[in-house]
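In the order they appear, the protein sequences are chains A and D. Numbering-wise, this note's numbering comes out as the position in the first sequence, counting from 1, plus 71. Numbering-wise, this note's numbering comes out as the position in the second sequence, counting from 1, plus 71.
Accuracy of the hints is not assured; some may be wrong.
[To be verified] Per the computed footprint, the stretches of chain D lying under chain A, defined by three or more beta-carbons under 8 Å from a beta-carbon of chain A, are: (1) 98-105; (2) 145-158.
[Claimed, not checked] Here are the computed lysine-lysine pairs in the BS3-like style, where the Cα-Cα straight-line distance is at most 30 Å: (3) A:205 x D:205; (4) A:364 x D:364; (5) A:366 x D:355; (6) D:366 x A:355; (7) D:205 x A:355; (8) D:205 x D:355; (9) D:205 x D:366; (10) A:364 x D:79; (11) A:364 x A:205; (12) A:205 x D:79; (13) A:366 x D:366.
Calculated from the structure, these hints are not laboratory results. Idealized CB from N, CA, C, for every residue including glycine.
2 protein chains.
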Amino acid sequence: MEEKCRMKPLAECRVTVVGMGLMGASLCMDLTRGGFCREVRGVARRTDTVLEAFFSGAVDEATNDVQTGVLGADIVILATPVRTIVNTLEEIGPVLWPGTLVMDMGSTKAEIMEAMALLPEGIEPVGGHPMCGKETAGFAAAEPGLYRDAPWVLAPLARTSANALELARALALAVGARPLVVEAQRHDRLVASISHLPYVVASALVQAVAAVGAEDPLAWQIAAGGFRDTSRVAASDTHMFIDILMTNRGAVLEQIASFSTQMETLRVLLEAGDEDALCALLGKAQALRVAWKSKQQL
Amino acid sequence: MEEKCRMKPLAECRVTVVGMGLMGASLCMDLTRGGFCREVRGVARRTDTVLEAFFSGAVDEATNDVQTGVLGADIVILATPVRTIVNTLEEIGPVLWPGTLVMDMGSTKAEIMEAMALLPEGIEPVGGHPMCGKETAGFAAAEPGLYRDAPWVLAPLARTSANALELARALALAVGARPLVVEAQRHDRLVASISHLPYVVASALVQAVAAVGAEDPLAWQIAAGGFRDTSRVAASDTHMFIDILMTNRGAVLEQIASFSTQMETLRVLLEAGDEDALCALLGKAQALRVAWKSKQQL
Numbered sequence: 072m073e074e075k076c077r078m079k080p081l082a083e084c085r086v087t088v089v090g091m092g093l094m095g096a097s098l099c100m101d102l103t104r105g106g107f108c109r110e111v112r113g114v115a116r117r118t119d120t121v122l123e124a125f126f127s128g129a130v131d132e133a134t135n136d137v138q139t140g141v142l143g144a145d146i147v148i149l150a151t152p153v154r155t156i157v158n159t160l161e162e163i164g165p166v167l168w169p170g171t172l173v174m175d176m177g178s179t180k181a182e183i184m185e186a187m188a189l190l191p192e193g194i195e196p197v198g199g200h201p202m203c204g205k206e207t208a209g210f211a212a213a214e215p216g217l218y219r220d221a222p223w224v225l226a227p228l229a230r231t232s233a234n235a236l237e238l239a240r241a242l243a244l245a246v247g248a249r250p251l252v253v254e255a256q257r258h259d260r261l262v263a264s265i266s267h268l269p270y271v272v273a274s275a276l277v278q279a280v281a282a283v284g285a286e287d288p289l290a291w292q293i294a295a296g297g298f299r300d301t302s303r304v305a306a307s308d309t310h311m312f313i314d315i316l317m318t319n320r321g322a323v324l325e326q327i328a329s330f331s332t333q334m335e336t337l338r339v340l341l342e343a344g345d346e347d348a349l350c351a352l353l354g355k356a357q358a359l360r361v362a363w364k365s366k367q368q369l
Numbered sequence: 072m073e074e075k076c077r078m079k080p081l082a083e084c085r086v087t088v089v090g091m092g093l094m095g096a097s098l099c100m101d102l103t104r105g106g107f108c109r110e111v112r113g114v115a116r117r118t119d120t121v122l123e124a125f126f127s128g129a130v131d132e133a134t135n136d137v138q139t140g141v142l143g144a145d146i147v148i149l150a151t152p153v154r155t156i157v158n159t160l161e162e163i164g165p166v167l168w169p170g171t172l173v174m175d176m177g178s179t180k181a182e183i184m185e186a187m188a189l190l191p192e193g194i195e196p197v198g199g200h201p202m203c204g205k206e207t208a209g210f211a212a213a214e215p216g217l218y219r220d221a222p223w224v225l226a227p228l229a230r231t232s233a234n235a236l237e238l239a240r241a242l243a244l245a246v247g248a249r250p251l252v253v254e255a256q257r258h259d260r261l262v263a264s265i266s267h268l269p270y271v272v273a274s275a276l277v278q279a280v281a282a283v284g285a286e287d288p289l290a291w292q293i294a295a296g297g298f299r300d301t302s303r304v305a306a307s308d309t310h311m312f313i314d315i316l317m318t319n320r321g322a323v324l325e326q327i328a329s330f331s332t333q334m335e336t337l338r339v340l341l342e343a344g345d346e347d348a349l350c351a352l353l354g355k356a357q358a359l360r361v362a363w364k365s366k367q368q369l
């Protein structure tokens with residue numbers, strides 16, 4: 072094992088989290104409360120948020136200057152929208168210590184991993200994506216325990232040492248998440264299906280209901296649980312999702328096409344009044360969804 | 072006011088609920104616990120359910136013979152899938168007392184209202200639809216308080232007396248629902264948008280994710296809150312929803328077309344990488360969804 076591969080144990084690490092939104096601030100709260108590392112530093116763009124993060128006790132130190140924030144850190148975790156992460160990687164590369172573990176929590180991995188590959192030699196990058204978003208955003212939405220039982224995808228680069236990946240796993244485990252090593256391209260294809268497609272679908276649903284609601288506002292009044300759940304993710308932060316869609320365009324377009332084919336099949340069967348075929352298809356979807364839910368609860 | 076328009080107050084009524092699934096059994100539980108009427112009788116197809124309804128105390132009496140069940144009832148409430156309601160109306164018409172209030176809880180109204188119009192003279196029909204489904208079905212899923220704060224659509228026929236409608240309102244109010252008089256066609260058009268479209272969309276989403284999951288099962292494993300909520304209604308009872316779709320085909324097809332147009336708009340903008348237009352559209356959907364949620368919470 073070479074010298075540069077030695078990493079401090081998590082308990083001795085200074086951790087800097089860049090971005091005090093839902094994901095970043097929730098992570099800080101868990102790290103601080105659990106005493107899992109030596110120090111937790113938070114970086115936020117807005118001074119309001121810097122003060123809030125500091126005075127709420129979510130972090131030990133806070134700043135709105137990212138280069139100051141990462142100075143002397145053993146672990147840097149970028150928790151902003153995807154394209155901000157890409158820009159931040161360029162900005163902080165030159166000031167990081169050799170051996171620093173650089174992680175991120177971005178929802179797509181391809182562009183972030185490209186930027187991570189350009190970090191100065193000696194830096195240890197590990198891409199990441201904890202699967203536990205909510206439709207509410209910002210520091211106000213943050214909460215301890217957000218990561219409990221959530222799958223946390225980790226995507227090391229070829230250059231990443233085994234010890235660095237181990238430290239990243241230790242951090243995920245510390246806050247109760249289930250670390251899962253997944254290659255970046257595979258991750259991006261999967262989340263296009265299970266996360267980005269639902270967002271696009273939910274947004275289109277809201278628009279379709281809005282067209283009816285514009286003519287007859289009673290639609291909004293009687294809308295109940297079905298609409299509520301199916302449309303929930305449409306309330307997510309638009310700018311965060313624009314970054315996601317734009318950095319995972321190919322995979323998302325593929326999933327939209329696949330989904331539209333399924334919709335068209337159902338439409339044709341309904342139009343033809345083919346009850347048996349409709350029942351078979353809807354019954355299959357029901358069985359799949361029920362099976363998925365039972366596994367989730369194990 | 073003619074003799075035939077006089078109705079007993081709710082407290083003196085014998086109420087028969089046909090169908091001991093989620094909706095019917097939950098209603099019985101509320102009526103029995105609250106002591107809102109003289110007697111609560113439940114009709115179920117399966118003997119198991121008859122016994123369960125009786126011994127759980129959800130009803131005062133239970134039977135699996137619908138004609139026996141409705142004998143002497145002042146209020147009959149049909150709580151089965153839509154096309155079963157239509158058949159039951161034909162079956163019970165001849166044995167009902169004049170002056171009986173006949174209500175239903177079907178998810179579409181057009182075909183039920185047609186069948187209600189054919190009930191013998193003197194019967195008082197009021198179509199209905201409480202907006203509080205869940206994706207779980209059957210007696211086991213029933214719970215007291217299901218109707219609390221839920222909009223309960225009431226659709227009287229031209230022949231329905233004001234007193235009969237008043238009694239239907241009193242029943243909805245007794246279990247905490249918010250009665251709302253809506254004409255049947257208008258109801259069917261609105262629920263096509265806010266309830267039936269979400270079901271079709273959720274089912275197509277499950278199929279699209281299943282196609283990815285079949286190649287890479289990790290998709291199911293990392294699927295989180297976004298997929299969970301957007302797909303939830305796909306787990307609903309298939310036979311109930313087949314009845315809904317088949318009895319509201321025109322309106323549902325119209326909503327599928329409207330939704331598909333919205334999806335296509337989003338797809339084209341994403342393909343073109345037109346961030347500004349994409350941001351405007353997704354931002355609009357976000358604002359609408361957030362505004363709807365805030366109103367719901369008032």
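Results for each hint:
Look at the region 98-105 of chain D against chain A: 0 of its residues bring a Cβ nearer than 8 Å to a Cβ of that chain, fewer than three, so the hint is violated. With a cut-off of 8 Å between beta carbons, the region 145-158 of chain D has 0 residues touching chain A; three or more are needed, and the interface restraint is violated. The hinted pair formed by residue 205 of chain A and residue 205 of chain D meets the criterion: a straight-line CA distance of about 21 Å does not exceed 30 Å. Between residue 364 of chain A and residue 364 of chain D, the direct Cα distance comes to roughly 25 Å. Compliance with the 30 Å bound is thereby established for this hinted pair.
At roughly 36 Å between alpha-carbon atoms, residue 366 of chain A and residue 355 of chain D are farther apart than 30 Å, so this suggested pair is violated. Using a Cα cut-off of 30 Å, the hinted pair residue 366 of chain D and residue 355 of chain A is violated, with the two alpha carbons roughly 36 Å apart. A threshold of 30 Å between alpha carbons decides the hint, and for residue 205 of chain D with residue 355 of chain A the separation of about 19 Å falls inside it, so the pair holds. Restraint check for residue 205 of chain D and residue 355 of chain D: the C-alpha separation of about 28 Å stays at or below 30 Å, so the hint holds.
Our distance criterion of 30 Å between C-alpha atoms is met by residue 205 of chain D and residue 366 of chain D, whose separation comes to about 21 Å. A threshold of 30 Å between alpha carbons decides the hint, and for residue 364 of chain A with residue 79 of chain D the separation of about 46 Å lies outside it, so the pair is violated. For the proposed pair residue 364 of chain A and residue 205 of chain A, the alpha carbon gap of about 18 Å is at most 30 Å, so the pair holds. Distance restraint check for residue 205 of chain A and residue 79 of chain D: the Cα-Cα separation of roughly 50 Å exceeds the 30 Å cut-off, and the hinted pair is therefore not satisfied.
For a cut-off of 30 Å, the pair hint linking residue 366 of chain A to residue 366 of chain D is broken: about 35 Å separates their Cα positions.
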